[in-house]
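> Sequences are here, hints too, so could you generate the full structure?
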Amino acid sequence: MPQLWNRGGVFDSSASTPPASPKKREIEGLPNPDQDVHMFADKLTIDDVHMDTARTGTRKGAGLQIWEREVLNSPEVKRKAVVAQMYFLDYYFQNLGYLAARKERRAAFDADTRARGLSSSEFTTEFKSYCGRERVLLRRRRAKLRVDQFHIIAQVGQGGYGEVYLARKKETGEVCALKKMRKRTLHKMDEIRHVLVERDILTATKTPWLVRLLYAFQDPTCVYLAMEYVPGGDFRTLLNNSGVLKEEHARFYISEMIKAVSELHKLGYIHRDLKPENFLVDGTGHVKLTDFGLATGAMNPRIVESLKHKLEQASDDNVVHRSTMDRRSLYRSIRNEDARYADSIVGSPDYMAPEVLRGKPYTYSVDFWSLGCI
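Each residue of the sequence shown is one higher than the one before, counting from 1 in full-length UniProt numbering.
Hints listed in this document are in silico derivations from the structure and should not be mistaken for laboratory results.
Only a predicted model underlies this, so the values are computations on that prediction, with no experimental measurement involved.
We treat Cβ as the ideally placed atom computed from N, Cα and C, and that holds for glycine.
Honestly, I wouldn't trust all of these hints.
[Claimed, not checked] Here are the computed distance ranges between Cβ atoms for each label pair:
| hint | residue 1 | residue 2 | range |
| --- | --- | --- | --- |
| 1 | A84 | P354 | 32 to 40 Å |
| 2 | E68 | R251 | 52 to 60 Å |
| 3 | T237 | N95 | 38 to 46 Å |
| 4 | F88 | G157 | 29 to 37 Å |
| 5 | L64 | A84 | 18 to 26 Å |
| 6 | T237 | M189 | 26 to 34 Å |
| 7 | K206 | V77 | 20 to 28 Å |
| 8 | F88 | T237 | 39 to 47 Å |
| 9 | A81 | K360 | 28 to 36 Å |
| 10 | A108 | R251 | 42 to 50 Å |
| 11 | G157 | I258 | 24 to 32 Å |
| 12 | F368 | S129 | 51 to 59 Å |
| 13 | K188 | F368 | 31 to 39 Å |
| 14 | Q85 | L214 | 30 to 38 Å |
In structure tokens form, the structure reads like this:
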């Protein structure tokens with residue numbers, strides 16, 4: 001089977017198409033990647049803001065050929081660019097966090113050994129043990145996940161292209177919902193794009209109102225998403241067991257549902273399939289939104305900006321200082337952001353907004369119609 005998830009952690013639906021040979025590219029007039037990649041890169045002009053000096057280049061995309069503009073403006077390329085940017089921002093943020101934690105562990109080790117007044121030989125033994133523990137942590141960070149690292153407890157769900165299992169990570173004892181999807185079925189049913197969107201949302205979310213993605217990995221035949229396990233079941237089950245809700249209970253749950261949907265909208269996505277089954281109740285009685293397979297949209301630029309800000313805060317040596325003019329420009333770009341429209345007829349008919357049924361373009365408001373139906 002083709003490798004659908006590339007090294008950068010980005011699920012690649014185009015991996016099954018082999019690149020054209022240099023001879024074929026010459027006949028068809030296509031660029032040779034070995035010869036033209038540097039020339040193509042040189043044509044791109046990126047706005048560069050470094051420290052307190054802002055240098056703006058020429059208009060983005062100037063001098064590009066028509067086919068190059070089409071590539072840059074395609075939704076798939078834009079999506080991959082944002083996902084890659086978020087991946088690297090989060091990657092370096094996690095690395096800085098690891099370095100800070102390692103410094104704290106070393107400082108605690110030094111303080112402990114000084115307080116105990118160890119001899120030279122005793123300190124050497126303790127230090128070797130400390131270094132061994134640090135090596136174990138590094139190996140765990142580098143190790144690739146495999147499905148045999150999870151103990152399957154029970155199957156809790158069955159979908160059109162995979163199953164969901166209650167599983168426990170053997171190394172840490174962490175309980176999760178492990179979603180297993182077969183690559184062949186995803187490709188056959190043309191569901192790769194929906195899985196990509198779901199993965200993007202789960203990766204980007206840091207809010208308690210949406211189900212979190214813990215791990216993502218693959219083997220030659222399947223893709224796996226290990227998600228946060230929510231033990232309370234879905235809201236449909238709660239309604240079936242309790243019957244009619246009291247007014248104060250209904251007010252509590254609908255307010256939490258609105259909050260969860262608003263958090264998804266902040267990421268830049270429309271859910272499009274809101275129904276009681278897609279709201280989970282956790283062990284403390286609070287609501288979490290799940291099942292983003294039919295969601296549509298694109299990652300909100302503000303999310304990328306927030307990750308950049310987190311990275312700047314985590315690094316003492318690379319703090320970006322923005323002038324008042326830069327901050328105003330950033331604020332205007334956020335205020336002038338275009339509304340996100342969609343026109344696909346998807347979702348559950350009982351909770352579907354009229355504009356969706358009529359095939360008209362729609363925005364985030366269709367999710368609130370579905371909440372009203374619930």
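> Check the structure against each numbered hint from earlier and tell me which ones fail, lowest number first.
Number 14 only.
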